[in-house]
Each structure stands twice: as structure tokens, then as C-alpha cells.
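Enquirer: Listed here are the chains, written in short residue letters.
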Amino acid sequence: MINLVWLIPVLPLIGFLIIGLYGKKLSKNLVGVIACGTVLAAFIISAGLFFESLAAGAKPVTINLFSWIYAGNLNIPFSFLIDPLSIVFLLIITGVGFLIHLYSIGYMHDDEGFSRFFAYLNLFIFFMLLLVMGSNYLIMFVGWEGVGLCSYLLIGFWFKNTAYNNAARKAFVMNRIGDLGFLLGIILIYITFGSISYSEVFHSARGFASDQSVMTVITLLLFVGAIGKSAQIPLYTWLPDAMAGPTPVSALIHAATMVTAGIYMIARSNILFTLAPFTMEVVACVGIVTALFAATIGLAQNDIKKVLAYSTVSQLGYMFLALGLGYFTGAVFHVATHAFFKALLFLGAGSVIHAMSGEQDIRRMGGLKKALPITFFTFAVGTLAISGIPPFAGFFSKDEILAHAFAASPLLWFLGLLGSVMTAFYMFRLFYLTFFRDFRGTEKQKHHLHESPKTMTIPLMVLAGLSVVGGFMGVPESLGGGHALKAFLAPVFADSEMRSLPTELSAGTEYGLMAFAVIILVSVILFARNLYLNRAQLPAEEGEEITPLHKVVYNKYYVDEIYENVITKPINWISEQVYKVIDLRIVDSLVNFVGKTVNWSSATLRYIQAGNIGFYIFAMVLSIILILFLKSL
Amino acid sequence: MSAVQLVPINWYILLSAVLFTIGVLGVLFRRNAIIIFMCIEIMLNAVNLLLVAFSSYLSDGAGQVFVFFIMAVAAAEVAVGLAILIMIYRNNHSTDINVLNKLKW
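Protein sequence lines, in the order shown, are assigned to chains A and B.
For the first sequence, counting from 1, position 526 maps to 1794 in my numbering; every step adds exactly one.
For the second sequence, counting from 1, position 29 maps to 1520 in my numbering; every step adds exactly one.
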């Protein structure tokens, strides 16, 4: 099976080429089959790799494909590294990706850009697979840029709407700001280690002492890249705007896969980060601040997708918190469980939007429990999972992160728990307002309410199942389970484990923390139930009076407006000035001057051609004499 | 010692130069196309004379061989040139070269 590893990215690439070139001529069914089939085949091969890896004892394998860049001392082969970390990500990307492709067949069925959508989706899967399979930083960077491109294409999918195009452009530009940091980090890695291949860099890194300035700079630059890609403060504002894209895009790219690329990158470079404690502190701080900040914004949003978007930013903050604490396995665990329940929630939201004929405001929804039973049930599972209620997936992953936070600093644990509380509250607020009580939409919408077709509900059910059982791959020792995921990923993080302080909590403390968290969360859920179900409260309509604090939070702390006025407007002004002065006045006049000179000289010199043969012969004789004279000098 | 070499070579060079100058001046100042052709022939023959003189004085046969080439080329050139001259005469009814001044700006 290991010989087929090159097929994993190539199959979606072929899918992209076929659908991209001939999509308009093929039937919609065929396009859907090709798109889903390539991703399913990639998943099957990834699963095969997983079982092989288990049997072989989880040893990393490097597969060399071809010699790529060969210039002087720089020799970069195009090769893949298959080790437990990449296998976990492969399974998530192809598995969840396949379910979302299946869902999109139903969701995008009436869209005229059907084949274009699947072409872009397949291209995205290709680049994401390159990102996680590459054996050096350059292939990761190629995949990194590629998924940024596909994100742009897919956010601005309905390109006739200018607002959507602006959102796509914003996402791409913010990504690029991060990419600059990432690229500088790669260059610095090359200068320091003389190579950008993972095996060589990490091998050399073992010889480094801890807390050297060069390592801190490298890891800070890499983290800047992760901030851009994984939507942390200050480069997070593109993610809520990215909800302009179709819902499957939000599920795949902005929940399950692309935004986790930053976490993958840091997990892959774990040895470099462990050698830079300062950066780890920065990562943890940025993570927890983002988690809290985004959670507070999510409390006041009324668009179903925006709530989920801020929830994603918040959960990504938790993953970075885990990375910053040195708990790399926990971050990957949370990536996996988050992929399950966030994709589920987004697809469920898509199902709701589909049934509501495009309405996304939860103030217009309500009572959808009866009309959309499967969506209701799976959305309930997803909401319970994200809130961290046992035995669903979110409980195990989030609780472990909180336990490690407690071992490092009780304050961090408290802030993390606060974020969890807010998460539970706004998710259940969303849940109750959408599915319970009476319908608040228009009559026309009410008539159109219907459950989604099978291609949409089957992925929902599969993801719901995963959200239920997904946590069991990481049951901690304190609860009696052998942490299967930790054991599987142990060789990848072995170097880091040796260096970072092991955080040991007594079993009693862990039980206490878990129980405390569950009790608080259940009470918060009951509070939300009381507020939105029994007391039938509704969020304020547009134009209604709201308190100043509520207004600030509802307007996302005006961060977008601040960026607009402090950064975007001055840069636009500078570019306008450069255009008016340098481009129009200087460069254009220079080029026009050359043209005018040619015109003038030709107009003047043409009078030599007077037609007088005698003069021509005379000129010839004169020239010959001149040549002979000059030759004799 | 042949009779030719009793004359210093300077005289031959001077004669050749004078002939060549006459030819050039003729080409520049005469209006009749046929006269111009004849002046071109004068120039060619001046060169031939010089080449043969040097060939004789330096006892090198290469000069005379080159003269053969020049004569062949001159003959071919005259053939083509006279053909062109006849076409000019047919169109303009005159061999005055100042008539051919239409190809100008």
C-alpha cells in the first residue's frame, strides 16, 4: 500500500483537471461521482497506510518521488513523509473531505457553477494533502499557498456579488501577511541548518541548547504564518467574513482542514518550538486570548454561520493553547474532534439554510425541530460535543487541554474554563433559537421547509456518529483508558517530550477538574435553556435599543473598522499617490518621451531621401574615403 | 630583367590613381547613364592595371589571376547594367539620371 502513496494527492488532482476542463459537458451526476470518488479512493489508501503503520510499529517512511530543485548546494527532492502525524491528518482530510463532497452534491445541486465548485474542492484537497504529506518545508509551503488560493476561489465562488469578492480578497491578503512570516522562517531555517528537510533539520536541532535567540526568531516567524492561516489574533477577521462562501466550503476549509494547517505546522516543528520557551509562551497567550475574545463575540451574533465562525476561531485558540503548553498530542486530538463536530455543525447549518430558502438569521428561525428531524438530532449531537459534555468527543479533547493548563497555571485553567462556559452558552443559544419554539419566519419560507435529501443527511449522520465515538481514541489514563492517540503519535513528539517538563497531575485532581467542568457546563446549558426556551427571550432586532456593551460586542469590538481606518485606508492612499505621481507623471512621461523622440528624429531625417541619385553616389564616395582614412589611423 | 621593370613602379601607381580619379569624377558629375557606365569601366581597368603592375614587379602570379576575376565580373555587370539602362530608356525616353527622382519622401 505504501507504493500507492503518490496516488493520494494525484487522484484529487486528476479529478480537478477532468472536472475543470470538461465539467460543463459532463452530467452533474458524473461530476459528483468523479469528485467524491477521487477523495474516497484517497481515504481508502490513507486508511490502508494507517493499518500498515500500526502493524509496522508506527515508523516514519520517506517516499522519494523525483528530484525537484537541484542547484549548487541546494538539493530539494519532492518526497513525502508518512509518519503517525501525517497519517492522522490524512485520515481527517480525506475522511471529512469525502463526507463534505457527498454533502455538496445535494447542497449545490441547483447552482449553475456546480462543476466549477467540485473542481475547486478537489484542487483544495490536493493542496491540503501536499501540505501534510511533504517531507520538507518547501512542499508544505506549496500546499500552504495552494490552500490559500483555493480558499480565495471558494469564498468568492458566487463572484457576481462584490461583497463576497471583498471577503475573498481579505482572506487572501491576510493569509499572505502570515505567509511572509512563514517564508522568512523557512529561509532562516535554511541559513541555520543548511537544509529544509524535516529529518535533517530536526536531527540537527537535537544538538541545540535551549532558548537560543535564533531558535526563538525562527519559531516566532513560523508562528506568524500560523496566525495568518489559523485565524488567531490579530489576523482572524477574515474567517467570519469567509462565511460568504457556500456552507460546504465553510465546513471543509474554515472548520476542518485549512485552518488546522497552522497547528499541523507547529506540531510538525515541535522540536524547534520546544527549544524556544519564549515562543511557546507567546503561542499559549495568543491562543487563550483568541479563545476568549472570539467566544465573547460569538455570544452576540445573530447569523447562524457567524456564530459557528467565531466558535471556530475560539476552538483554534484552544488548540494553540495546547501547543503552547507543550501538549502537542492534545492539539492534534482537538483538531480531530473539532473537525468532526464543527463540520457537523456547519453542514447542519447548511441544511437549515437550505430548508429556509437561504435565510441565515436565527431571529427568523424557530421550531425547526419538527420539519427537519435528522438535522435537529445531528445538530444536537454536535452542540453537545462542542460544549464538552461527556461522553461526546469534545469532552475528552478539551478536558485534557484544560487539565494541562491547570498543571501549568491555574489562571490559564480558569480562563480556559471561562471560554468553555461561553462556548456552551452561545452554542445552546443558537440551538434553542433555531430549533425550538414557534416559527418566526415568513409564510413562504414555512411552506418551503423540508428535510434535506439523503446525500446531505447521510454525512450528517456519519459525522454525528464520529462526534459521539471520536473521543474514545484519546481516553486518558486517569479514566482507565490507554490513550490510543497519544501512543500512536508518541514517536513524532518523542524529542519534545524529553525536554519539556512533564506535567503530572494526580488522578484525584483530574477527576475533580472534570467533574467541576461538567457541573458548570450543565448549569450553563440549563441557564441558556431557561433564558431562550422557558422565558422565550429573543435577540434584539436591528434598530432596537441595546446597551453600549452589547453594541460593542455585537459589532465585533469594531476591530474590522479599526483595521480599515488604521491600515487599509493609509495603504490605499499611499498607493493612489504612487499611482498619480510616479506612475502617471514620471514613468508615463519617460516612455512617451522615447516615443516622441523617435517620431521627431524620423520626421527630421527623412529629408535626406530627396531622390537625387547624384547626391546618393556622392555620399557613397565620401563614405568610402572616410572609411579608408579611418582605417589608416 | 624585363623592359617593363626599367620604369619605377611609382609611375604605374600614379597612372592608376589618375585613371581611377577620372572614373570617379565622371560617375559623380556626368548626367548620361551610358557615360557613367563607361566611367565605372575606367575605374575597374585602373585597378586591373595596378594589379598587373604589382604582379609583374613582385613576380607574384596572384595579381594576374585576380585580374581575370575582375574582368569576368565587369563583363557580367555590364550585361545586367545595360539591360537595366534599356528598361529605363523605354519608360522615360531619356538616359538622364536626374529623371529618376521619384523614390523620395
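I should point out that these hints are in silico values taken from the structure, not numbers from a laboratory.
Incorrect hints may have been included.
List of simulated lysine to any residue pairs, SDA-like, C-alpha gap at most 25 Å [stated by the list, open to error]:
(1) A:LYS1899 <-> B:LEU1506
(2) B:LYS1595 <-> A:VAL1866
(3) A:LYS1637 <-> A:GLN1713
(4) A:LYS1899 <-> B:LYS1595
(5) B:LYS1595 <-> A:SER1870
(6) B:LYS1595 <-> A:GLN1713
(7) B:LYS1595 <-> A:ILE1892
(8) B:LYS1593 <-> A:TRP1868
Enquirer: A separate judgement is required for each hint: does it hold in the structure or not?
Expert: Hint check:
For the hint linking LYS1899 of chain A to LEU1506 of chain B, the alpha-carbon distance of about 24 Å falls within 25 Å, and the restraint holds. With a CA separation close to 20 Å, the supplied pair LYS1595 of chain B and VAL1866 of chain A stays within the 25 Å bound. As the CA atoms of LYS1637 of chain A and GLN1713 of chain A are separated by approximately 15 Å, the hinted pair is consistent with the 25 Å bound. Of the pairs offered as hints, the one joining LYS1899 of chain A and LYS1595 of chain B is violated, with about 32 Å between alpha carbons and a cut-off of 25 Å exceeded.
With a C-alpha separation of about 14 Å, the suggested pairing of LYS1595 of chain B with SER1870 of chain A holds against the 25 Å cut-off. About 82 Å separates the Cα atoms of LYS1595 of chain B and GLN1713 of chain A, which puts this hinted pair outside 25 Å; it is violated. For a cut-off of 25 Å, the pair hint linking LYS1595 of chain B to ILE1892 of chain A stands: about 24 Å separates their Cα positions. Restraint check for LYS1593 of chain B and TRP1868 of chain A: the C-alpha separation of about 24 Å stays at or below 25 Å, so the hint holds.
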